[in-house]
Amino acid sequence: MNKMVTNAVTLSIVAVMIVAASGCGGKKDSNGNKNVITNCGSDTMVNLAQAWAEEYTKGKELKVQVLGGGSGVGIASLTDGTCDMANASRRMKKKESDRIETKRGKKPEEHIVGFDALAVYVHKDHPLDEISIDVLAEIYGDGGKIENWSEVSDKAASLGKIVRVSRQNNSGTYAYFREAVLGRKRDYKLGSIDQSGSKDVVALVGKTPGAIGYSGMGYATDEVKMLRISKAKGDPSVAPTVENAKNGSYPITRPLHIYTIGAPTGSIKDYIDWIMAPEGQKVVIDLGYVPCK
Amino acid sequence: MRRRTPRISAAWSEFIITWIIRLCGWSAIFFVLAIFFFIFREAAPAFFGGLDMTEFFTSPNWRPSSEVQPQFGIFALLMGSLLLTGIAMLVAMPLGLGAAVFISEFCGGKTKEVLKILVELLAAIPSVVWGFIGLMVLGPLIMTHTSAPVGVNLLNGGIIVALISLPLVVSIGEDALKAVPDSYREAAISLGASKWEVVYRVLFPAAKNGLLAALLLGVGRAIGETMAVLMCTGHAINIPKSLYDPMRTLTATIAAELGETVHGDLHYQALFAIGVVLFAITFVINLIADIIVKGIRSDPKG
Amino acid sequence: MADLSRPTGNVFASTALERRKMLWEKIVRIFFTLVVAAMIIPVLAIIGYLFYRAWPVLSLSFIFDNPADNMTAGGMWAPLVGTFYLAIISLLIDAPIGILAAIYLNEYAPDNWLTRAINLAVLNLAGVPSIVYGLFGVGAFVLFAGMGKSVIAASCTLAVMSLPVIITATREALASVPMSFREACWNMGATKWQTIRTIVLPNSLSGILTGVIFEICRTAGETAPILFTGVVFFTPVADSGLASVFPYGPSDACMALQYHLFLLATQVRGVSEAMQFGAAAVLISLTLFINSVSISMRMYLRSRKKW
Numbered sequence: 001m002n003k004m005v006t007n008a009v010t011l012s013i014v015a016v017m018i019v020a021a022s023g024c025g026g027k028k029d030s031n032g033n034k035n036v037i038t039n040c041g042s043d044t045m046v047n048l049a050q051a052w053a054e055e056y057t058k059g060k061e062l063k064v065q066v067l068g069g070g071s072g073v074g075i076a077s078l079t080d081g082t083c084d085m086a087n088a089s090r091r092m093k094k095k096e097s098d099r100i101e102t103k104r105g106k107k108p109e110e111h112i113v114g115f116d117a118l119a120v121y122v123h124k125d126h127p128l129d130e131i132s133i134d135v136l137a138e139i140y141g142d143g144g145k146i147e148n149w150s151e152v153s154d155k156a157a158s159l160g161k162i163v164r165v166s167r168q169n170n171s172g173t174y175a176y177f178r179e180a181v182l183g184r185k186r187d188y189k190l191g192s193i194d195q196s197g198s199k200d201v202v203a204l205v206g207k208t209p210g211a212i213g214y215s216g217m218g219y220a221t222d223e224v225k226m227l228r229i230s231k232a233k234g235d236p237s238v239a240p241t242v243e244n245a246k247n248g249s250y251p252i253t254r255p256l257h258i259y260t261i262g263a264p265t266g267s268i269k270d271y272i273d274w275i276m277a278p279e280g281q282k283v284v285i286d287l288g289y290v291p292c293k
Numbered sequence: 294m295r296r297r298t299p300r301i302s303a304a305w306s307e308f309i310i311t312w313i314i315r316l317c318g319w320s321a322i323f324f325v326l327a328i329f330f331f332i333f334r335e336a337a338p339a340f341f342g343g344l345d346m347t348e349f350f351t352s353p354n355w356r357p358s359s360e361v362q363p364q365f366g367i368f369a370l371l372m373g374s375l376l377l378t379g380i381a382m383l384v385a386m387p388l389g390l391g392a393a394v395f396i397s398e399f400c401g402g403k404t405k406e407v408l409k410i411l412v413e414l415l416a417a418i419p420s421v422v423w424g425f426i427g428l429m430v431l432g433p434l435i436m437t438h439t440s441a442p443v444g445v446n447l448l449n450g451g452i453i454v455a456l457i458s459l460p461l462v463v464s465i466g467e468d469a470l471k472a473v474p475d476s477y478r479e480a481a482i483s484l485g486a487s488k489w490e491v492v493y494r495v496l497f498p499a500a501k502n503g504l505l506a507a508l509l510l511g512v513g514r515a516i517g518e519t520m521a522v523l524m525c526t527g528h529a530i531n532i533p534k535s536l537y538d539p540m541r542t543l544t545a546t547i548a549a550e551l552g553e554t555v556h557g558d559l560h561y562q563a564l565f566a567i568g569v570v571l572f573a574i575t576f577v578i579n580l581i582a583d584i585i586v587k588g589i590r591s592d593p594k595g
Numbered sequence: 596m597a598d599l600s601r602p603t604g605n606v607f608a609s610t611a612l613e614r615r616k617m618l619w620e621k622i623v624r625i626f627f628t629l630v631v632a633a634m635i636i637p638v639l640a641i642i643g644y645l646f647y648r649a650w651p652v653l654s655l656s657f658i659f660d661n662p663a664d665n666m667t668a669g670g671m672w673a674p675l676v677g678t679f680y681l682a683i684i685s686l687l688i689d690a691p692i693g694i695l696a697a698i699y700l701n702e703y704a705p706d707n708w709l710t711r712a713i714n715l716a717v718l719n720l721a722g723v724p725s726i727v728y729g730l731f732g733v734g735a736f737v738l739f740a741g742m743g744k745s746v747i748a749a750s751c752t753l754a755v756m757s758l759p760v761i762i763t764a765t766r767e768a769l770a771s772v773p774m775s776f777r778e779a780c781w782n783m784g785a786t787k788w789q790t791i792r793t794i795v796l797p798n799s800l801s802g803i804l805t806g807v808i809f810e811i812c813r814t815a816g817e818t819a820p821i822l823f824t825g826v827v828f829f830t831p832v833a834d835s836g837l838a839s840v841f842p843y844g845p846s847d848a849c850m851a852l853q854y855h856l857f858l859l860a861t862q863v864r865g866v867s868e869a870m871q872f873g874a875a876a877v878l879i880s881l882t883l884f885i886n887s888v889s890i891s892m893r894m895y896l897r898s899r900k901k902w
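Chains as they are written, first to last, in my numbering: chain A, 1 to 293; chain B, 294 to 595; chain C, 596 to 902.
By construction, these hints were calculated from the structure, which means they are not laboratory data. Be careful, since some hints might not be right.
In the DSS-like style, the derived pairs of lysine-lysine whose C-alpha atoms are separated by at most 30 angstroms in a straight line are [stated by the list, open to error]:
id, chain 1, residue 1, chain 2, residue 2
1, B, Lys488, C, Lys616
2, A, Lys161, A, Lys225
3, A, Lys161, B, Lys534
4, B, Lys471, B, Lys587
5, B, Lys471, C, Lys616
6, A, Lys93, A, Lys189
7, C, Lys621, B, Lys488
8, A, Lys246, A, Lys269
9, B, Lys501, C, Lys621
10, A, Lys95, A, Lys185
11, C, Lys616, B, Lys409
12, B, Lys405, C, Lys616
13, B, Lys403, C, Lys616
14, B, Lys409, B, Lys471
15, C, Lys616, B, Lys501
16, C, Lys621, B, Lys471
17, A, Lys145, B, Lys534
18, A, Lys107, A, Lys185
19, A, Lys106, A, Lys63
Only chain A is shown next, with the shape it has when bound in the complex (with noise of 0.2 angstroms):
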């Protein structure tokens, strides 16, 4: 009796194993190219990469693998060799472009494929309606003064302490936002709630009546309104939508990238050719993001 069950285990575990490795997707097809890419980086972006991925693989054998983690993260990747195409919601630093050249021979090459408006957040119910970018610079930047609801408005004084809602620091979203927002030489204040995707921090602002955050356009819930913003106090405000992100008047709009090493070539060129053209791009209106023509 044992022994017929451990021959009836063993001869199940070789089956499912045979079977599974069958599944083994292999690297390349027939022509040599590729039919399994990799995609990855920009939390921002990463709903985006997903929508043109299951666009574009319909009927294909072209497999697609769409990974987050965030912009670093995807040009971390790139730079490892672990993914063919990272997406970035910032640019690239210098840096980051010579260890590429180094590690991998070739420069990498930066593909504009739509834009994004940063907006910021506060809860539906929450008296302001525009912010400048330096009272935000004053509230999220280091040794900035201001900590309570009352030092930016009368109105929201009953707020309390402002919650600061912020991005971890492997986000493309956070480096644009310390860029255009805090200036390239100042650094965030600690003490930020540093979450991990761009879903989130709006999420928790609907959540948290005296909390401010910053994230994609295109992540609006009805929980959280966004502000207008203007360049210095006092100045006209502007509201992020795709019209102003499109004539340059929002003053926070980012270029949303995808970048490859060197030219890209066979399978990856035809997709990147794909997300450029009316197709990839209609994919980027129905996400709310701005088309990149």
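On the provided structure of chain A, position chains B and C as indicated by the hints.
What follows is chains B and C alone, placed relative to chain A:
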């Protein structure tokens, strides 16, 4: 020519099998050493020159990707881990010990079985689910019932980690109480003690080593918790001054930031250095717990 | 004690001291019951609330459909399969090593410093934080062994993590086999391994299986070790046919339910809260189910033990 007897070929295969078994037995030591080796290997450049060790351990400023001046101080993170563990243990110890005493001394067969099963099922809940519960259920609860400005904070994390460590404390505590010989209980009862007095005056002192071990292992579990704290503590770099402040732990920092680092750069090495610190902390805790438990075995009264 | 100087009166009536003690004991008993209730009831309430919020999306198609429409709709199939893959492959790796190691510790190991060291090592492995296992996985399997970010690297990492639990459970099962069984075998001239293979192992198989099943449940829930060693945000999985059941090869990266829940709660845009709760509900049901199987098996086999 005499055919090779079954005994000789049996002896051969016995030899091989015994050696395979022996190697597997030694594998545990091999893996512990391997873990330390591989983590230390990646962290070594940071320890030997890359990072200023005083700044690493005493500075609360963790700014690894700063454009101005990268800073690698883990003090705030260390405080976060320790405070979170402290709060979690403050909640888990009384509840866990109470439950252990109840299961071991105060209830009979059927109830005992049911409760033990419930505790085991509690232990089976994955830590992501706990983190999710902290984020979506406990967070709003905290905001409505207290004056906390935000729902994800030290209190939230402390409660969730307490619930995660609870099954461990209960089961080890119960084992410790079970290990006390019945003769102790019988002697006390024959002297007229009530059940509670038996527990309080006889069992606690007799089982104190085992209960201490339960506490230590619960602490080890709490310090090592990653996903739950990542989701429900607010993940903010500061030294929490009140229960309602968001904070961050060592474990969550590694989980959140490892992906962004390029293999080999200073940030990457610093994160592995945090891993070494964590490994060292839990190693020491386990060592102490083991010594304490051994104390029971060599105790002549036990 | 009754007052013996008074020969009349009820000798068995309780004194004031005894009455006070009994009252105190009642209070203490109520207190402890409340403590246990305070522990169990909130947890049951939370889990109930989880299922209540998940109710709108729970259905058979939720389990068997792939995530669709930017992961805001559809089901959990691809992550579920990924979790199964990781759990089963890691089990195939660590069960043999763990069981043999436990056999060594229980049957072969002499009582010297090396055995003490091994026991200490097992205890330590059990206490290592899960993210440290993740770091180890990156350093040893992804980088050093060159597996890259893949199912096999993640499974190896999970296997090392599960080792101490398998060893401990197997040891207890082996130790519960009475010595007399082994002695009877040796008396008949069987070698150590023959004895183990024919008598000890079959009789402790129930305990071993229980431990193994419990470990599957833990592996299905752990996220930190697989974060950097094998999971991805999204990878397309066929909707039907053999490829939907076996979508991943050993060198592919996979989706996993525990990571998927984390993503739905923190990164995926536009996911309804019901769906997030749904993913949590599916994951909890999976682990609770596997654990219940293990528990009921243990109870059944314990009742059938012949000694």
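Evaluated hints:
Between lysine 488 of chain B and lysine 616 of chain C the alpha-carbon distance is near 9 angstroms, which keeps this suggested pair within the 30 angstroms criterion. Proposed proximity of lysine 161 of chain A and lysine 225 of chain A is supported: the alpha carbons are some 19 angstroms apart, at most 30 angstroms. With a C-alpha separation of about 14 angstroms, the suggested pairing of lysine 161 of chain A with lysine 534 of chain B holds against the 30 angstroms cut-off. Among the hinted pairs, lysine 471 of chain B with lysine 587 of chain B is consistent with the structure: their alpha-carbon atoms are about 16 angstroms apart, no more than 30 angstroms.
Pair hint lysine 471 of chain B plus lysine 616 of chain C holds up; C-alpha atoms about 24 angstroms apart against a cutoff of 30 angstroms. The suggested pairing of lysine 93 of chain A with lysine 189 of chain A holds, with an alpha-carbon distance near 22 angstroms, which does not exceed 30 angstroms. For the hint linking lysine 621 of chain C to lysine 488 of chain B, the alpha-carbon distance of about 10 angstroms falls within 30 angstroms, and the restraint holds. Proximity of lysine 246 of chain A to lysine 269 of chain A is assessed by CA-CA distance (about 26 angstroms); at most 30 angstroms being required, the pair is judged to hold.
For a cut-off of 30 angstroms, the pair hint linking lysine 501 of chain B to lysine 621 of chain C stands: about 25 angstroms separates their Cα positions. Note on lysine 95 of chain A and lysine 185 of chain A: the hinted pairing holds, with a Cα-Cα distance of about 16 angstroms set against a maximum of 30 angstroms. With a C-alpha separation of about 29 angstroms, the suggested pairing of lysine 616 of chain C with lysine 409 of chain B holds against the 30 angstroms cut-off. Note on lysine 405 of chain B and lysine 616 of chain C: the hinted pairing holds, with a Cα-Cα distance of about 25 angstroms set against a maximum of 30 angstroms.
Restraint check for lysine 403 of chain B and lysine 616 of chain C: satisfied, since their Cα atoms lie roughly 27 angstroms apart, inside the 30 angstroms limit. Note on lysine 409 of chain B and lysine 471 of chain B: the hinted pairing holds, with a Cα-Cα distance of about 14 angstroms set against a maximum of 30 angstroms. About 24 angstroms separates the Cα atoms of lysine 616 of chain C and lysine 501 of chain B, which keeps this hinted pair within 30 angstroms; it holds. A distance of roughly 22 angstroms separates the Cα atoms of lysine 621 of chain C and lysine 471 of chain B; the hinted pair therefore holds under the 30 angstroms criterion.
A threshold of 30 angstroms between alpha carbons decides the hint, and for lysine 145 of chain A with lysine 534 of chain B the separation of about 19 angstroms falls inside it, so the pair holds. Taken as a hint, the lysine 107 of chain A and lysine 185 of chain A pair is honoured in the structure, with Cα atoms around 26 angstroms apart against an allowance of 30 angstroms. The straight-line distance between the Cα atoms of lysine 106 of chain A and lysine 63 of chain A is roughly 25 angstroms, inside the 30 angstroms bound, and the hint therefore holds.
In this structure, every one of the numbered hints holds.
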